[in-house]
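Got chain A sorted already, so can you dock chain B onto it with the hints?
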Amino acid sequence: MIEIQHLSKRYGPKLAVDDVSFTVRPGIVTGFLGPNGAGKSTTMRMVMGLDRPTAGTVTINGSPYAKLRDPLRQVGALLEAKAVHTGRSAFNHLLALAATHGIPKSRVDEVIQMTGLETVAKKRVGGFSLGMGQRLGIAVALLGDPQTLILDEPVNGLDPEGVLWVRQLTRYLASQGRTVFLSSHLMSEMAQTADHVVVLGRGRVLADAPIGDILSGASGQRVTVRTPTPDLLMGAIASPDVTVQQTPDGSLSVNGIAAQQIGEAAARAGVVLHELTPVTASLEQAYLELTQDEVEYHSEVAK
Amino acid sequence: MTTATAAAHQAPRTDLDGIHLGFARLVRSEWIKLRTIRSTVWCFAILFLVNIGLPLLVASVGDFSGAAAAPATSGAAGSTAVAVITLGVNLTSLVVAVLGALIITGEYATGMIRSTFTADPRRSGAFFAKALILAVATFVISAASTWIAALVVHPIFAGKGVDFSLGDAQIFMPVLGSSVYVTLLALLAFGIGVLIRTTAGGIAVTLGLLLVVPPILSVIGGLLHADWVTNISTFLPSEAGRQLYAFDGGGAGQGAQSTGSGLVTLDGWQGFGVLGAEVLALGIAAFVLVKRRDA
Chain A
1 MIEIQHLSKR YGPKLAVDDV SFTVRPGIVT GFLGPNGAGK STTMRMVMGL DRPTAGTVTI
61 NGSPYAKLRD PLRQVGALLE AKAVHTGRSA FNHLLALAAT HGIPKSRVDE VIQMTGLETV
121 AKKRVGGFSL GMGQRLGIAV ALLGDPQTLI LDEPVNGLDP EGVLWVRQLT RYLASQGRTV
181 FLSSHLMSEM AQTADHVVVL GRGRVLADAP IGDILSGASG QRVTVRTPTP DLLMGAIASP
241 DVTVQQTPDG SLSVNGIAAQ QIGEAAARAG VVLHELTPVT ASLEQAYLEL TQDEVEYHSE
301 VAK
Chain B
1 MTTATAAAHQ APRTDLDGIH LGFARLVRSE WIKLRTIRST VWCFAILFLV NIGLPLLVAS
61 VGDFSGAAAA PATSGAAGST AVAVITLGVN LTSLVVAVLG ALIITGEYAT GMIRSTFTAD
121 PRRSGAFFAK ALILAVATFV ISAASTWIAA LVVHPIFAGK GVDFSLGDAQ IFMPVLGSSV
181 YVTLLALLAF GIGVLIRTTA GGIAVTLGLL LVVPPILSVI GGLLHADWVT NISTFLPSEA
241 GRQLYAFDGG GAGQGAQSTG SGLVTLDGWQ GFGVLGAEVL ALGIAAFVLV KRRDA
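Protein sequences, first through last, are from chains A and B.
Quick note, the first sequence lines up with residues 1 to 303 if you use my numbering.
Quick note, the second sequence lines up with residues 1 to 295 if you use my numbering.
Hints in this document: simulated from the structure, not taken from any laboratory.
Hints may be right or wrong, so weigh each one.
Stated by the list, open to error - Only pairs whose alpha carbons sit at most 25 Å apart, straight line, appear in this in silico DSS-like list of lysine-lysine:
#1 14/A to 291/B
#2 123/A to 105/A
#3 122/A to 82/A
#4 67/A to 160/B
#5 82/A to 291/B
#6 105/A to 122/A
#7 82/A to 105/A
#8 123/A to 82/A
Said to hold, decoys possible - The calculated label-pair distances, taken between Cβ atoms and stated as ranges, are:
#9 122/A to 200/B: 23 to 31 Å
#10 264/B to 36/A: 23 to 31 Å
#11 59/A to 22/B: 17 to 25 Å
#12 213/A to 294/B: 31 to 39 Å
#13 289/B to 224/A: 26 to 34 Å
Backbone N, C-alpha and C fix where the C-beta goes; we use that ideal spot for every residue, glycine too.
Okay, chain A solo, but in the shape it has when bound (with noise of 0.2 Å):
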């Protein structure tokens, strides 16, 4: 269980992380999602007590990390993929954390099993690839057999098969009662692995939910139409409540409005329609509205 409470933190004139409170639970995995710069990695690291916040508290397990008097048993963090000397091998770097809390060689074999490393782990991770590093990362928190993990971006740099088993290594975690927390800007990502989403943008939580919350939430329903007549369509739904797009493929894009009624209206009207399709918002869409307004870095598309 980690309890984060009015937490802030402030780089300079910018403010990284404002005011953020959530709860993470143990038993599900809870996905932290958001633009990058939202504040995420940050909010993370004054988790694992690298940065003071400058305001809040964060507890895991009722205490602050820096007070656990056995903090690898307790939490596994990924904070970043390589948080390593690239001179030492990983298989060194694993038994020199190892060592800070009597955990025996045994388990370092383990996790280095685990997480697929046996053929490079003598090898100095300064030749690792990305996905590799990751893996070492993976293979750290996972060393005290921990009952929290905390994973900032841990299917970054992975090839497919490596997302593949990430996905089900934080969903079996979570099964045996573990508090899972992992961040991700890949809503994709997190749709199939999380249980419950917080989206952070500019550093503010925008959304704290079940997955399924935030996807029913978004855009209500939207309908595409399509047909020889949109004027005489637009006439016969108009309401207040109904807003109607044109896409540049000539199909109308619907809000407000269920696809049942269209139909009716359209053939109360005589106007013929080629398709009338219901969207459900996927989690992209979702999440695109929520940090639309909240994206640190906005990409121009050229016109």
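Same frame as chain A, now just chain B:
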């Protein structure tokens, strides 16, 4: 790379119950770290070889007829012996300055420091464990190699008619002092490394303090004919530290003496005190910052 997904499906490790942090464990961890990086191992190897090689070379090929001919009471034999046995310090002081900075800046440069502080979130244990391992390893390797040098130089000098006894405090103390000096220097560099956090910066500042500042002060002191400038330079780490391995002909030891010329001189123990105080002050500043700064 096949990932055994099944391997993850293991029961929680009950044998890990009850494990926890401890200072002895942090020391063990720092020892593993020290011996698993090539650059630090190389620094120690160079330290060891230079400490033996230089005295051996100079003792073998040098002409010491002057010291051999001088009367036994002049101290010439002892002075020469100490100078030759501790000859390596001129080089090894630079090696340990690099080593001391590298051991911590290497962690900051690579991001390793975050792993270190995640394992020991209070940071003080890791800080002191690292300083302790650095100090012990530097002292043991320096002392071992210096005493091997002393044992090798002794018979060579005897063959050339230069007689001295290693058990004599005048010889024993500076030979031991040379290892104390490089150990303190390694800790000084470590403190600077913690403050500066970049390898290039840490090494540059430390070597600058050892190599660049003394001659500049000496030039300024000479040009201004100002004793106070020269007196400042007496308290620099390299100058104060030099007294730890200087042959003391006897008669000194009256405290920081202002000789008739107005220049302050330090004896061996005072040099140790000054350098020790500088290391301590820097260490406290470094410790406070380590606790406070974001990693």
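Now the hints, each set against the structure:
Between residue 14/A and residue 291/B the alpha-carbon distance is near 23 Å, which keeps this suggested pair within the 25 Å criterion. Between residue 123/A and residue 105/A the CA atoms are separated by roughly 18 Å; this keeps the pair inside 25 Å, and the hint holds. For the given pair, residue 122/A sits about 16 Å from residue 82/A by alpha-carbon distance, which is consistent with the 25 Å threshold. A hinted pair counts as satisfied when its Cα atoms are at most 25 Å apart, and residue 67/A with residue 160/B does not qualify at roughly 65 Å.
Of the pairs offered as hints, the one joining residue 82/A and residue 291/B holds, with about 23 Å between alpha carbons and a cut-off of 25 Å not exceeded. Only pairs whose Cα atoms come within 25 Å are accepted, and residue 105/A paired with residue 122/A is accepted, the gap being roughly 14 Å. Restraint check for residue 82/A and residue 105/A: satisfied, since their Cα atoms lie roughly 22 Å apart, inside the 25 Å limit. For the hint linking residue 123/A to residue 82/A, the alpha-carbon distance of about 14 Å falls within 25 Å, and the restraint holds.
Between residue 122/A and residue 200/B the beta carbons are some 30 Å apart, a value that agrees with the proposed interval 23 to 31 Å. Remark: the range hint 23 to 31 Å for residue 264/B to residue 36/A is contradicted by a beta-carbon distance near 59 Å. Distance hint check for residue 59/A and residue 22/B: the Cβ-Cβ separation is about 23 Å, which falls inside the suggested range of 17 to 25 Å. The beta-carbon spacing between residue 213/A and residue 294/B, approximately 35 Å, falls within the hinted interval of 31 to 39 Å.
Evaluation of the 26 to 34 Å hint for residue 289/B and residue 224/A yields a failure: the beta carbon distance comes to about 60 Å.
Of the numbered hints stated above, those contradicted by the structure are hints 4, 10 and 13, listed in ascending order.
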